[in-house]
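Those protein sequences? They're chains A and B, same order as listed.
Each residue of the first sequence is one higher than the last, beginning at 0 in numbering that gives the first Met the number 0.
Each residue of the second sequence is one higher than the last, beginning at 0 in numbering that gives the first Met the number 0.
Calculated from the structure, these hints are not laboratory results.
Given the structure is predicted, the values throughout are model-derived calculations rather than measurements.
Just so it is clear, CB atoms sit at the ideal spot from N, CA and C, and this is done for glycine as well.
A portion of the hints provided could be inaccurate.
[As the list claims (entries may be wrong)] Listed next, the stretches of chain A that the computed footprint assigns to chain B, with coverage defined by at least 3 CB atoms under 8 Å from CB atoms of chain B:
{"hint": "1", "stretch": "171-182"}
{"hint": "2", "stretch": "275-286"}
[As the list claims (entries may be wrong)] If you anchor each label on the Cβ, the simulated ranges turn out as follows:
{"hint": "3", "chain 1": "A", "residue 1": "S22", "chain 2": "B", "residue 2": "S151", "range": "46 to 56 Å"}
{"hint": "4", "chain 1": "A", "residue 1": "S134", "chain 2": "B", "residue 2": "R243", "range": "44 to 54 Å"}
{"hint": "5", "chain 1": "B", "residue 1": "R243", "chain 2": "A", "residue 2": "R225", "range": "49 to 59 Å"}
{"hint": "6", "chain 1": "B", "residue 1": "P116", "chain 2": "A", "residue 2": "V21", "range": "43 to 53 Å"}
{"hint": "7", "chain 1": "B", "residue 1": "L191", "chain 2": "A", "residue 2": "G58", "range": "58 to 68 Å"}
{"hint": "8", "chain 1": "A", "residue 1": "D118", "chain 2": "B", "residue 2": "R17", "range": "49 to 59 Å"}
{"hint": "9", "chain 1": "A", "residue 1": "N152", "chain 2": "B", "residue 2": "A361", "range": "52 to 62 Å"}
{"hint": "10", "chain 1": "A", "residue 1": "P224", "chain 2": "B", "residue 2": "A260", "range": "22 to 32 Å"}
[Claimed, not checked] Facing chain A, a subset of chain B residues (Cβ under 8 Å, in silico):
{"hint": "11", "residue": "P76"}
{"hint": "12", "residue": "E77"}
{"hint": "13", "residue": "V80"}
{"hint": "14", "residue": "T97"}
{"hint": "15", "residue": "R101"}
{"hint": "16", "residue": "E111"}
{"hint": "17", "residue": "A148"}
{"hint": "18", "residue": "S151"}
{"hint": "19", "residue": "R153"}
{"hint": "20", "residue": "A233"}
{"hint": "21", "residue": "V234"}
{"hint": "22", "residue": "W264"}
{"hint": "23", "residue": "V334"}
What follows is the residue order along each chain.
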Amino acid sequence: MARRSAIVATGQTDFVARRLDVSIAEMIREAVDRCLAQRDLDGSRVDAVVIGNMELFEGLHMPEQLMVAALGGGGRPVYKLNTGGTVGASVAVMCDHLVRSGLHDVVLGIGYEKQSEGDSQGNITTVGDPIWERSVMAGAIGNFAVMASTYVNESGVTAEQAAKVAVKARRNACLNPHAHLKKPNITVEEVLSSRMLAAPVRLLDMCPTSDGAAAALFAAEDLAPRLAPRPAWVAATATAHDQQFMGDSPRRLADMRSLQAATRTVYRAVGISDPRRDLDVAEIYEPATYAELAMYENCGFCERGKGGTLIDEGVTELGGELPVNPSGGVLSTNAVGATALVRVIEAALQVMGEAGEHQVPGARTALATGYGGNAWTEALILTSERP
Amino acid sequence: MDHRVAVIGVGLSAHARRRRDVDYAELALEAIDAALADAGIGLPDVEHAVTASMDFLDGRTIASMSVAEVVGSYCKPESRVVGDGIGALLYAWARMRTGAYRLGLVVAHAKESQGRPHIISRAAFDPFTEQLLDPDEEVVAGFAAQRFAIASGRSAADAAAQVVRARAAGRRHPALEDLPEVTVDDVLSSPLLAAPLRELDRAPLTDGACALVVAVDDVVRSLGADPVWIAGSAVDTDAYWLDRDLARVDALERARDRAVALAGWDDPRADVVEVGAAYGYQVLQFAPVLGVDPDSPACNPSGGRLAGTPAVVAGLDAVAECVQQLRGRAGSRQVPGARRALAHGWHGLGAQTHAVAALEAAA
Numbered sequence: 000m001a002r003r004s005a006i007v008a009t010g011q012t013d014f015v016a017r018r019l020d021v022s023i024a025e026m027i028r029e030a031v032d033r034c035l036a037q038r039d040l041d042g043s044r045v046d047a048v049v050i051g052n053m054e055l056f057e058g059l060h061m062p063e064q065l066m067v068a069a070l071g072g073g074g075r076p077v078y079k080l081n082t083g084g085t086v087g088a089s090v091a092v093m094c095d096h097l098v099r100s101g102l103h104d105v106v107l108g109i110g111y112e113k114q115s116e117g118d119s120q121g122n123i124t125t126v127g128d129p130i131w132e133r134s135v136m137a138g139a140i141g142n143f144a145v146m147a148s149t150y151v152n153e154s155g156v157t158a159e160q161a162a163k164v165a166v167k168a169r170r171n172a173c174l175n176p177h178a179h180l181k182k183p184n185i186t187v188e189e190v191l192s193s194r195m196l197a198a199p200v201r202l203l204d205m206c207p208t209s210d211g212a213a214a215a216l217f218a219a220e221d222l223a224p225r226l227a228p229r230p231a232w233v234a235a236t237a238t239a240h241d242q243q244f245m246g247d248s249p250r251r252l253a254d255m256r257s258l259q260a261a262t263r264t265v266y267r268a269v270g271i272s273d274p275r276r277d278l279d280v281a282e283i284y285e286p287a288t289y290a291e292l293a294m295y296e297n298c299g300f301c302e303r304g305k306g307g308t309l310i311d312e313g314v315t316e317l318g319g320e321l322p323v324n325p326s327g328g329v330l331s332t333n334a335v336g337a338t339a340l341v342r343v344i345e346a347a348l349q350v351m352g353e354a355g356e357h358q359v360p361g362a363r364t365a366l367a368t369g370y371g372g373n374a375w376t377e378a379l380i381l382t383s384e385r386p
Numbered sequence: 000m001d002h003r004v005a006v007i008g009v010g011l012s013a014h015a016r017r018r019r020d021v022d023y024a025e026l027a028l029e030a031i032d033a034a035l036a037d038a039g040i041g042l043p044d045v046e047h048a049v050t051a052s053m054d055f056l057d058g059r060t061i062a063s064m065s066v067a068e069v070v071g072s073y074c075k076p077e078s079r080v081v082g083d084g085i086g087a088l089l090y091a092w093a094r095m096r097t098g099a100y101r102l103g104l105v106v107a108h109a110k111e112s113q114g115r116p117h118i119i120s121r122a123a124f125d126p127f128t129e130q131l132l133d134p135d136e137e138v139v140a141g142f143a144a145q146r147f148a149i150a151s152g153r154s155a156a157d158a159a160a161q162v163v164r165a166r167a168a169g170r171r172h173p174a175l176e177d178l179p180e181v182t183v184d185d186v187l188s189s190p191l192l193a194a195p196l197r198e199l200d201r202a203p204l205t206d207g208a209c210a211l212v213v214a215v216d217d218v219v220r221s222l223g224a225d226p227v228w229i230a231g232s233a234v235d236t237d238a239y240w241l242d243r244d245l246a247r248v249d250a251l252e253r254a255r256d257r258a259v260a261l262a263g264w265d266d267p268r269a270d271v272v273e274v275g276a277a278y279g280y281q282v283l284q285f286a287p288v289l290g291v292d293p294d295s296p297a298c299n300p301s302g303g304r305l306a307g308t309p310a311v312v313a314g315l316d317a318v319a320e321c322v323q324q325l326r327g328r329a330g331s332r333q334v335p336g337a338r339r340a341l342a343h344g345w346h347g348l349g350a351q352t353h354a355v356a357a358l359e360a361a362a
């Protein structure tokens with residue numbers, strides 16, 4: 000049995016639409032400094048760095064080379080990943096593998112995006128096949144509109160139920176000092192009357208574009224308890240992809256087969272048979288309200304077709320049976336390269352008991368997911384007990 | 000506790016200046032089909048994949064999506080490293096040492112012909128200061144070549160001789176497109192690229208893909224495969240090019256030391272060394288650090304990048320050559336009796352990040 004790894008420290012910038020006061024490197028350094036400061040560590044403890052973002056979004060090629068000083072300086076291994084929206088979770092999974100493999104003892108994972116400096120949606124369109132798909136692609140919104148239409152048609156989920164997800168997210172965000180979109184007085188009516196982007200997805204059904212960075216420190220099992228009072232142990236990780244072409248699988252966004260495959264793999268690895276009962280909290284990558292409801296079903300939180308019921312009954316509210324995205328989620332904060340790492344960090348904060356005002360009392364087992372380019376998924380289970 | 004991991008299959012697509020006949024997936028598929036056939040397995044047997052590619056080269060975001068189908072990642076794990084292909088091999092090795100996966104695929108692809116190198120590499124510079132000067136990677140290579148020449152005393156003719164040598168070696172490699180024969184004088188009289196570098200000093204822009212099948216020890220045995228063991232591998236990154244002496248290659252030294260230490264080798268010298276060198280001077284600069292005489296038959300039997308292998312793919316091509324050498328299957332390029340090999344790759348301005356893999360023949 001390979002050794003375990005645990006998250007011992009985390010740091011996030013305060014996410015906003017535009018960080019005009021800092022460069023990308025300064026923004027990353029802010030997250031790294033906050034991460035190390037959480038345990039009063041200095042950068043000399045870090046053996047390797049794993050960083051993720053989408054280079055084309057800011058138009059910077061090999062950004063980790065230019066900004067190596069902000070990552071903690073040269074003279075150590077720096078690994079760069081780019082897997083789309085999943086990348087922050089891919090970073091976490093790589094950190095875990097590097098520690099478990101024995102190659103490094105302490106690994107710093109970083110994710111960032113400064114979307115205000117580029118054109119994310121224009122670049123997302125390049126995921127489509129240049130001949131068959133690009134002419135009908137329009138960034139992430141069109142993609143989720145297709146998913147939402149299929150899902151609404153099959154599940155009978157209503158616009159009101161989707162709007163409740165938007166309300167939950169933006170209210171939870173008010174309890175999270177790092178969240179971007181905070182709307183304490185948001186109502187279902189406000190969501191339903193917000194501007195239509197691509198039917199049935201309205202403005203407040205969709206995540207924002209944010210600037211920000213996040214960092215998490217992973218340590219080997221012998222070091223972790225010395226570095227953190229209550230480390231967040233990585234109990235299981237999994238990755239799964241879906242078909243590459245939308246036309247090959249018109250229902251893929253509603254079915255989310257990669258989410259089903261990845262979550263079932265991590266559940267099996269840690270012995271979770273009933274996720275609604277066995278998980279204490281989930282931080283899932285929900286770029287749109289309808290996606291969160293479909294994800295309830297595909298993560299196994301409820302039976303097929305019951306995603307709307309779950310939000311109606313308040314099961315996933317902070318204080319409900321299985322709080323989902325107490326941080327406010329992607330719907331409140333979305334700096335793409337950081338977003339999935341923020342899911343992992345928020346799950347870690349919950350099982351560390353350090354989530355502050357949005358803490359789920361007594362959380363011991365948490366699910367974090369990343370969702371990215373062409374419907375693929377990374378899933379992690381974090382626990383307060385060493386697995 | 001840790002599993003040993005071996006390369007049990009290698010495959011290269013046909014490398015050429017321009018592969019107009021294939022898209023990224025078809026290019027990668029050529030390499031993957033060859034690697035799977037070499038390993039004697041099928042795509043459904045593959046449990047996970049790690050790919051290497053660069054969005055700026057491919058002109059799209061999440062460039063690994065172009066090859067997701069051909070690496071067989073439907074409902075399976077694929078992750079993707081940006082940079083030289085040895086980084087992808089290293090990650091696959093880390094994932095498999097723990098026993099998380101038993102059989103995997105490592106794939107790198109690049110079509111340098113489809114982009115404009117000047118515009119692509121300019122995007123790697125600081126946007127507020129340097130990009131105004133309209134620089135590119137070749138300019139930094141010119142600075143590095145100048146610094147290296149002063150520090151080492153090696154001449155432009157010495158570097159040009161490496162170009163001549165690499166092109167001759169490449170002619171013996173069936174996957175590489177033959178490059179025109181050149182002389183030292185041809186190189187030295189070719190148009191100026193970035194002083195002191197000349198156009199023929201530079202590796203030609205190339206399209207190609209490379210795939211490796213990797214397996215843990217018990218799978219190697221049960222398949223009866225022809226393995227080459229990954230004994231050690233390491234990546235290391237230096238300071239940004241403006242913040243260091245370009246005559247030095249500290250990151251390469253650290254990556255070498257770490258890879259060799261992981262391998263448990265008392266002596267870092269190997270029987271075959273594939274040096275990542277996109278310019279003639281880089282062979283002279285990097286080879287001694289990797290413990291090999293640049294002019295010996297043990298250095299770059301494949302010809303390396305100067306013989307026509309693309310960035311990103313180059314590191315995996317280097318590993319593939321080492322594997323075939325250690326299996327005794329390198330044909331007319333064979334270095335007799337090779338038991339240990341080092342494969343090297345780099346990326347970043349002025350070779351900022353280096354990756355090394357230490358490989359051992361089966362006992």
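The hints, checked one at a time:
1. For the stretch 171-182 of chain A, the proposed coverage by chain B is not satisfied: 0 residues have a C-beta within less than 8 Å of a C-beta in that chain, short of the threshold of three.
2. Check result for the stretch 275-286 of chain A against chain B: violated, 0 residues qualifying (beta carbon to beta carbon below 8 Å, three or more required).
3. In this structure the supplied range 46 to 56 Å is violated for S22 of chain A paired with S151 of chain B, their Cβ-Cβ distance being about 36 Å.
4. Between S134 of chain A and R243 of chain B the beta carbon distance is about 46 Å. The supplied range of 44 to 54 Å therefore holds.
5. R243 of chain B and R225 of chain A have their C-beta atoms about 34 Å apart, which leaves the hinted 49 to 59 Å range violated.
6. Taking 43 to 53 Å as the suggested C-beta distance range, the pair P116 of chain B and V21 of chain A does not conform, at roughly 31 Å.
7. Roughly 29 Å separates the CB atoms of L191 of chain B and G58 of chain A, a value that falls outside the hinted 58 to 68 Å.
8. Judged by the Cβ atoms, the range 49 to 59 Å given for D118 of chain A and R17 of chain B is violated: they are separated by roughly 30 Å.
9. For the pair N152 of chain A and A361 of chain B, the beta carbons lie near 57 Å from each other, so the given range of 52 to 62 Å is met.
10. For the hinted restraint 22 to 32 Å between P224 of chain A and A260 of chain B, the CB-CB distance of approximately 27 Å keeps it satisfied.
11. At its closest, the beta carbon of P76 of chain B sits 4 Å from a beta carbon of chain A; the interface hint therefore holds under the 8 Å criterion.
12. Restraint check, E77 of chain B versus chain A: the minimum CB separation of about 6 Å is within 8 Å; hint holds.
13. Taken as an interface hint, V80 of chain B checks out: its beta carbon lies about 6 Å from the nearest beta carbon of chain A, inside 8 Å.
14. At a threshold of 8 Å, the smallest CB-CB gap from T97 of chain B to chain A is about 4 Å, leaving the interface hint in force.
15. At about 13 Å, the closest approach between the beta carbon of R101 of chain B and any beta carbon in chain A exceeds 8 Å, and the interface hint on this residue is violated.
16. Interface restraint check for E111 of chain B: the shortest CB-CB distance to chain A comes to about 14 Å, outside 8 Å, so the restraint is violated.
17. Violation of the interface hint for A148 of chain B is found here, the shortest Cβ-Cβ separation to chain A being roughly 24 Å, above the 8 Å cut-off.
18. Against a cut-off of 8 Å between C-beta atoms, the interface hint on S151 of chain B is violated, since the closest Cβ of chain A lies about 22 Å away.
19. Because the smallest distance between the Cβ of R153 of chain B and any Cβ of chain A comes to about 25 Å, over 8 Å, the interface hint for this residue is violated.
20. Nearest Cβ of chain A to the Cβ of A233 of chain B: about 7 Å, under the 8 Å cut. The hint holds.
21. Taking 8 Å as the C-beta cut-off, the interface hint given for V234 of chain B holds, the closest approach to chain A being about 5 Å.
22. A distance limit of 8 Å between C-beta atoms decides the matter here; for W264 of chain B the minimum to chain A is near 17 Å, and the interface restraint is violated.
23. Given the 8 Å rule on beta carbons, the hint for V334 of chain B is violated: about 29 Å separates it from the nearest Cβ of chain A.
In this structure, the hints that do not hold are numbers 1, 2, 3, 5, 6, 7, 8, 15, 16, 17, 18, 19, 22 and 23, in rising order.
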